[in-house]
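Just so you know, the sequences run in chain order S and Y.
Residues in the first sequence are numbered consecutively from 594, following our numbering.
Residues in the second sequence are numbered consecutively from -1, following our numbering.
Each hint should be verified, as a subset may be incorrect.
Claimed, not checked - Simulated restraints on C-beta separations:
(1) Ile138/Y to His730/S: 48 to 58 Å
(2) Asn605/S to Leu60/Y: 38 to 48 Å
(3) Ile786/S to Leu106/Y: 29 to 39 Å
Hints were generated in silico from the structure; no laboratory data involved.
Note that the Cβ used here is the ideal one computed from N, Cα and C, for glycine as well.
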Amino acid sequence: MIEFDHVSKSYNKGKVKAVDDLTLTVPSGEIFGFLGPNGAGKTTTLKMVVGLLRSDGGSISINGLDVRTEALKTKTLTTYVPDYPAVYERLTGLEYLNFIGDVYGVPKPERLERISKWLEVFELGPAVGNPIQSYSHGMKQKIVLIAAILPAPEVMILDEPMVGLDPRASHSLKEMMREHCDAGGTLFFSTHIMEVAEKLCDRIGIIHKGRLIACGTMEELRRIDKEQQSLEHIFLELTET
Amino acid sequence: MRRFLALLEAGLKSNFGLSVLRHRLLRQKKDLWMVPLVALAAVSAAPLLYYYFTLLKSLYNLLAPIGQQAALLTFGLLAGQLLILIFGLFYVISAFYFSKDLEVLIPLPVRPFQVMLSKFGVILANEYLTVSLIVLPILISFGVLGRRGPVYWIEAALVYLLLPVIPLALVSVLVLLLMRFVNLGRRKDALIIVGSLLLIVLAMMFQFWINRSSRLEPDSAALVRFFASPDSLPQKTGSTFPPSVWATRALTGGLSAAGLAQLLIYAGVSIILLIGMAAGAEALFYRGLVGLAETSGRGRRLTGAEISRRLSSGRRPIRALFLREWRLMNRTPIFLLNGTLTVIIIPVMLLVMAKAGSTDSDLTSLFRLLSSKNALVSVLVSAGFMTICGSLNGTASSALSREGSQFWISKIIPVSPRDQVAAKFLHSYLVALLGIVAASAVLLAQLRIPPASFALAIGLALAVTFILTAAGLAVDLARPLLDWINPQKAIKQNLNVLIAFLADLGFLAFLGFACRFLSRLGLAVHAVLLALGLVLVFLAGLSWHLLGKFAEARYPAIEA
């Protein structure tokens, strides 16, 4: 479970409010989709959850643990996929996964089982022994995704995880996301793909200029729009100004 | 031309981080604390500059009565050009072939030579700054002490502006050819390192050969001829690299026909090499680059058994992080050349230079003379040499910066900042140990110091290096440079490395003064060394403790 309590973050000494008084709870077992125009505050929010950025005010907790005061414990529970897969290019894919397994303390049998499974699912087996610098953007995205799945975390934070993935990998990822939450995990992700959000998410939040302007299930969001159209229409209407 | 200027402007802004600096200082009001720090660093350099000017004045006054003062100019210009020739190699390889902005530049509608010349311009700007501390004081001293007129100052400015062109153009042509050749192979990184080392070895062999072949025979007639001409010492000094002699003659000749002719040769060769390099770039530059991308995807599919064998059965996080540091450092050619290999190359270069000179070089004789009078000096100088070889390489002071855009991984993993920095410390200290071992080998080979002094020197060097490693890490923790696109910026052009370097020199000078003070109090050598050892052990423990605390405070604050 992720809880945001009046979280704020600004840049340029308070001149630009990236996230403005965000209060939100994402319970265990839920896939929460975070939508918003470019620069609305999605990535800033996700980065604050995993400790890449510090909030100016309010608090964020994971399973009741504050991400600032109990950072090490919350990091053990969480994995993250950034919006751009910047990984150690001079390591091979397998060395990188092994590194992640070591720092998260994944025992060897589980490590072998999960790595083998996901290399197969993402069709990355032939390349795993090569340096990551030889990978395409999509392959780098896949290795970062496998690294995020490897520790079997309770909470996954994904920033536009479908970008660069081929349709098969994208499908596999969506299945994984569903399985993760059906098993009691929490998944908080941002996306620009409305169809994915509409079909996959248990709840959706729309952030605009740092403020959460809408939040709910697809049914609840449809009630906002009189014509009860698609999520795309709802999104466009809400973020018009 | 307009396109080239646009490329150059973008390159300079990116290289010096001008836009980012302006944004952070003026708009975000961040890093304002850097302003007094940089001012402090500049002020602290003032005494060094003062001593340098004083030294130059003494040398000038020593050489002027025998009419050989122009050798001072040759020496300065030669030192600057040789420095650029040897170290420019890393700059050139890194900027031409490993800069990530190439992905953006290649698809642009510009010619290969325009891209390469713009990058050349950026390196040139860096070199002006790098050699300014060595060359400018010499040009200024020579002009002021010789009461030179305006022609000298104009020519001096021209000479300085052209100074890096010849060595950099030579290196660039070599690199163009090397990279074209390297791309025939599949292991480009290994070949780049081997190629770079080969060039360094060739440069050292050249130096060795010049020194051996130009030795003066102590013949009185030859000596008379030598001192009769004001040109003989510059000629001899500059025989390693003739452009420095041309520039000297141009500066001393002024508006005379001979002077202008030398200036013409100096400028002409610079321009011809530049044109040759541009022509070479047009033919070879992009071919070498395209090859870089082609050669990386290789290898075969690993079997399940191989994957299982290669997976560890659970290393401790510190060990995993140490391994990461070691692999990333040694697999990135620029990091390897400027870090791990530097600690080995520098002592070896010094040994070759010492061996290349007379059978008993001046430095060796000086050391023996000092040691014979005072055993403390022998230990301290040896320890200082080991420490300098081990510590002054930027491994510790770029430890966080080297992670660059991948620093997010260190921020999200469940390993405490204290442990993360401990792994970085172990890696940096191991590199420093390699330097100490290399320096020890050189000391044993060249100076044959007594075993007891040697053991004491190693003990002191290990303790001092421990403190300096912690200090280097602390500097990089305070202001890591993470937004680079060229790995060169993370280690070679990283201000943190310079700050740590100055701090290290300051600390070593402080220790030297402290020992001198204790020695003057009349304390025995062993008492001084014991006091020093105890203080160092205490400081090492303290620095380790403070580094851990600083890491705990800084890691959460570094936004990635």
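Discussion item. Quick check: does the Cβ-Cβ distance between Ile786/S and Leu106/Y fall within 29 to 39 Å?
Written reply: 31 Å, holds
Practice prompt. State, for the Cβ atoms of Asn605/S and Leu60/Y, whether the hinted interval 38 to 48 Å holds or is violated.
Written response: Given a distance of about 58 Å, which is not inside 38 to 48 Å, the answer is violated.
Practice prompt. Note whether the CB distance of Ile138/Y and His730/S lies within 48 to 58 Å or breaks it.
Written response: With Cβ atoms ~53 Å apart, the hint holds.
Hint 2 alone, counting from the list given before, is not met by this structure.
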